[in-house]
Amino acid sequence: SSPPTSGRGMSAGAEAGTSALPAGMRRLARRTASALSSRRAWTSAPPPTSRVPSATHRRRFAASTTAARAASGPSGNARPAGHETFGTTAEDARTSSGVGAGPSNASSPPGSNVVAPFFPSGDQPAAIARCVELLRDEKRKVCCLRGATGTGKTFVVAHVVDALTREKPRPTLVVVPNKTLAAQVARELRGYLPKKRVELFVSHFSLYVPESFSKGRYVEKRSAIDVDLDALRHRATKALLETDETVIVASVSCLYGLGLPKDYVDARLTLDATSKQPNGREALGLILEKRLLYSECREGGDFVKSGQWAWESGSTHGQTGTRKLIVWPPYERAALELELKPDGAMVSFARRKPAETKTRAETAATTTTTQKSTPETPETATAARLTIWPRQHHITPPERLEAATAAIAREAAERAAELRARGDHIEADRLEQRVGADVGLLREIGWCPGAEHYSRHLAGREPGAPPVTLLDYLGFDSSASSSKEQKSIQTSSREWLLVADESHVMLPQLRAMHGGDRSRKLGLVRGGYRLPSALDNRPLNFDEFWARVPKALLVSATPGDTEAAWCASGAFDVAENESSRSGTPGKTSASEAAKRTEEEGVGMVDMVVRPSGVLDPLVTILPRKEQLPALAAAVRRRAARGEASLVCALTKTDCEDLAGYLCLIGGVRADWLHSGLTAKERAVKLQKLQQGELDCLVGAQLLREGLDVPQVSLVIVLDAGVPGFARSSRSLMQMMGRAARNKRGTAILFADEPYTTAMNEAVKEVARRREKQRRHNERYGVTPRTASRGSASASLSLFEVMASEIKETREAIDAVSLGDRGFASRAPRAEDDEEAEVEAFGTSADAVFAPSEEEVE
Numbered sequence: 001s002s003p004p005t006s007g008r009g010m011s012a013g014a015e016a017g018t019s020a021l022p023a024g025m026r027r028l029a030r031r032t033a034s035a036l037s038s039r040r041a042w043t044s045a046p047p048p049t050s051r052v053p054s055a056t057h058r059r060r061f062a063a064s065t066t067a068a069r070a071a072s073g074p075s076g077n078a079r080p081a082g083h084e085t086f087g088t089t090a091e092d093a094r095t096s097s098g099v100g101a102g103p104s105n106a107s108s109p110p111g112s113n114v115v116a117p118f119f120p121s122g123d124q125p126a127a128i129a130r131c132v133e134l135l136r137d138e139k140r141k142v143c144c145l146r147g148a149t150g151t152g153k154t155f156v157v158a159h160v161v162d163a164l165t166r167e168k169p170r171p172t173l174v175v176v177p178n179k180t181l182a183a184q185v186a187r188e189l190r191g192y193l194p195k196k197r198v199e200l201f202v203s204h205f206s207l208y209v210p211e212s213f214s215k216g217r218y219v220e221k222r223s224a225i226d227v228d229l230d231a232l233r234h235r236a237t238k239a240l241l242e243t244d245e246t247v248i249v250a251s252v253s254c255l256y257g258l259g260l261p262k263d264y265v266d267a268r269l270t271l272d273a274t275s276k277q278p279n280g281r282e283a284l285g286l287i288l289e290k291r292l293l294y295s296e297c298r299e300g301g302d303f304v305k306s307g308q309w310a311w312e313s314g315s316t317h318g319q320t321g322t323r324k325l326i327v328w329p330p331y332e333r334a335a336l337e338l339e340l341k342p343d344g345a346m347v348s349f350a351r352r353k354p355a356e357t358k359t360r361a362e363t364a365a366t367t368t369t370t371q372k373s374t375p376e377t378p379e380t381a382t383a384a385r386l387t388i389w390p391r392q393h394h395i396t397p398p399e400r401l402e403a404a405t406a407a408i409a410r411e412a413a414e415r416a417a418e419l420r421a422r423g424d425h426i427e428a429d430r431l432e433q434r435v436g437a438d439v440g441l442l443r444e445i446g447w448c449p450g451a452e453h454y455s456r457h458l459a460g461r462e463p464g465a466p467p468v469t470l471l472d473y474l475g476f477d478s479s480a481s482s483s484k485e486q487k488s489i490q491t492s493s494r495e496w497l498l499v500a501d502e503s504h505v506m507l508p509q510l511r512a513m514h515g516g517d518r519s520r521k522l523g524l525v526r527g528g529y530r531l532p533s534a535l536d537n538r539p540l541n542f543d544e545f546w547a548r549v550p551k552a553l554l555v556s557a558t559p560g561d562t563e564a565a566w567c568a569s570g571a572f573d574v575a576e577n578e579s580s581r582s583g584t585p586g587k588t589s590a591s592e593a594a595k596r597t598e599e600e601g602v603g604m605v606d607m608v609v610r611p612s613g614v615l616d617p618l619v620t621i622l623p624r625k626e627q628l629p630a631l632a633a634a635v636r637r638r639a640a641r642g643e644a645s646l647v648c649a650l651t652k653t654d655c656e657d658l659a660g661y662l663c664l665i666g667g668v669r670a671d672w673l674h675s676g677l678t679a680k681e682r683a684v685k686l687q688k689l690q691q692g693e694l695d696c697l698v699g700a701q702l703l704r705e706g707l708d709v710p711q712v713s714l715v716i717v718l719d720a721g722v723p724g725f726a727r728s729s730r731s732l733m734q735m736m737g738r739a740a741r742n743k744r745g746t747a748i749l750f751a752d753e754p755y756t757t758a759m760n761e762a763v764k765e766v767a768r769r770r771e772k773q774r775r776h777n778e779r780y781g782v783t784p785r786t787a788s789r790g791s792a793s794a795s796l797s798l799f800e801v802m803a804s805e806i807k808e809t810r811e812a813i814d815a816v817s818l819g820d821r822g823f824a825s826r827a828p829r830a831e832d833d834e835e836a837e838v839e840a841f842g843t844s845a846d847a848v849f850a851p852s853e854e855e856v857e
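In terms of full-length UniProt numbering, the sequence shown opens at residue 1 and continues consecutively.
Heads up, some of the hints might be wrong.
Claimed, not checked - Under the rule of at most 30 Å between Cα atoms (straight-line distance), these lysine-lysine pairs were calculated in the DSS-like manner:
hint, residue 1, residue 2
1, K764, K743
2, K764, K305
3, K276, K353
4, K353, K341
FYI, nobody ran anything at the bench for these hints, they're computed from the structure.
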């Protein structure tokens, strides 16, 4: 049923007419009326129209329907008494003319390869030039782009990457806090940098329950691999080994182990007209199985799936005839048909077409299936050379596998003896039994469940040595070429660039991954489930990660203390720099402190002025006792103008109860959003807000970084004066920034005096930015304009973005060379690893959402 047209004009009270609400809103209102349980199932019976929020709810928000009517008045426009307003009003920013947001001579940097329908404007030209200058300084390794919400930080990053890699190409790694933002950033960079290969590298698990042992309870590992994400991982590593013109957008998965890049490169198979096989073409099947880890399809070439190979049935045999080999690499969108001579030389190859073109909903269903291709209608593309890359990233040569199994058996015997000496006979027997079975499988088939726990032995690393990760692929210098005679692979390192997006969230994530992983594995080692060497199957720790980074650009609207210290020193090892300057670790003189403050400004690049001319939101502070009626009245006023609102509560229960109150009594179309929803469910609600089907979303810690909804003109923060992480100065600024893309942007903070230091800092900084933006608009005659509404796909989940946007662009990206640049495809089930556990942050929809307390290990 469609929403009622009179809903927005309803006064607060039971006369809201709940029977006229849509079915979903009736269920939401009914949920609010039933105490505060967040787990109670919804029923289908219509709610009684006389129900009101519970007593607990009323105590929580300290409001009543009588106060709501008194505060809003007949028109709902009167402001409650006792409010405070900070910053200039919208009228202060109005000018007589102008549609730009900066000097009229703003233009794209000379020679730029960035493609966009607009030129850098506002603070963007100066920020681009300054970032490039700092990163070209040989004595400096890091700088920070401090850009306010909506200033176009991704656009500036694209220009900086292009400028730094134009003369001397080098790969770039963009790390982001979660999967969804990774897909969003990859989509934007593909549009800005069409001459580069922009790929996605995130965790390929759709389900992950890590193995653990705690308090006498053992939990076995359970996981499910998303074949689409695994295919994109293969595309990313393949691109890094083929060209320096590569941009990889990755989550914290880049910290976790991959196979050695040298083994991956050495295992590849290159075929052309001169690549004869010593044992003829029949030996290619054995090479695909033993060296590249593909499996043979016994049903024949018509039934080949991703990660398989087969000879085409009915193809020509004999000493002079050719024969077709069908192989489906994991990074291709369909199987390849190779026409081979008896000596193994390749005559030509063609790419089969996918079996069918599916809709988005049908494509979503294929995440649990394996796609087949149509053998009757292959594409007619051929090439002189074809390189087939391994099916898995972990490649272990036979000689190393033999040595690894022997080392595993020795360690198991030593550990079992140690456990028995301590009297832990049960743990010793358990360890011998489990490791013995694993060693037997490794010797027989080269794989076993939980093989990642033996990665130190399989890779031949020393105890305590850091794992091989995506960063090693970035630094691996490969001279492979498809257009010239094949060159040998060089093992020397190459320069690359790191971009840390939302660094105030990204840096704490990088720091926390190692500790949580080690704590869990220690329990497995003590319980006799794993060998001590399993502790070396881990992510990079914070210091190891930054020791591998040559140059870094940190990007954030609210950079933290770490970013400021790094900008002051120009390097990542801040403690070493402080010690060398002062001579005493941890102590700094007054003159040195003043010098450091000045140095921080050198490495920190500010962007405050938006290209749209929109000012930071006008901040209003209201007392908490009026928060519920004032909130409902403010949301109704915005809804009457066709604008959206966001409400930031503290807990999940508050989100659900307040959304129900706004629907049942407040007279608006509201819904809630928190970590209890899946990524797709969050995406649907955000999409409804974008399309005008909802007036308001109530969230806890999800309405923060990266949420780009220009329709939002009002952000309301409940309990803004409560001390803690959820209401820190950076958190408040991020939440208020959600209204910074609308020219009528307003932020309302509900708090009682005395206000916290964090709240005062946030309000002061927003007022400073607003004043600077206003002066800029007056100087250049700029009229603020609300940012474009964007497409509805902006709030899609990662899989939907990948299945539509990325799928639509990859054919154009890969059209240059069908031989060496494959399409993302349905990939085989890859080897197990540990990286999915860190992706709890990445279930949000189209935003960098800060993790809730339940999502952090």
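Now the hints, each set against the structure:
no. : hint         : in the structure
1   : K764 to K743 : holds (20 Å)
2   : K764 to K305 : violated (60 Å)
3   : K276 to K353 : holds (28 Å)
4   : K353 to K341 : holds (24 Å)
Violation of the numbered hints given earlier is confined to hint 2; every other hint is satisfied by the structure.
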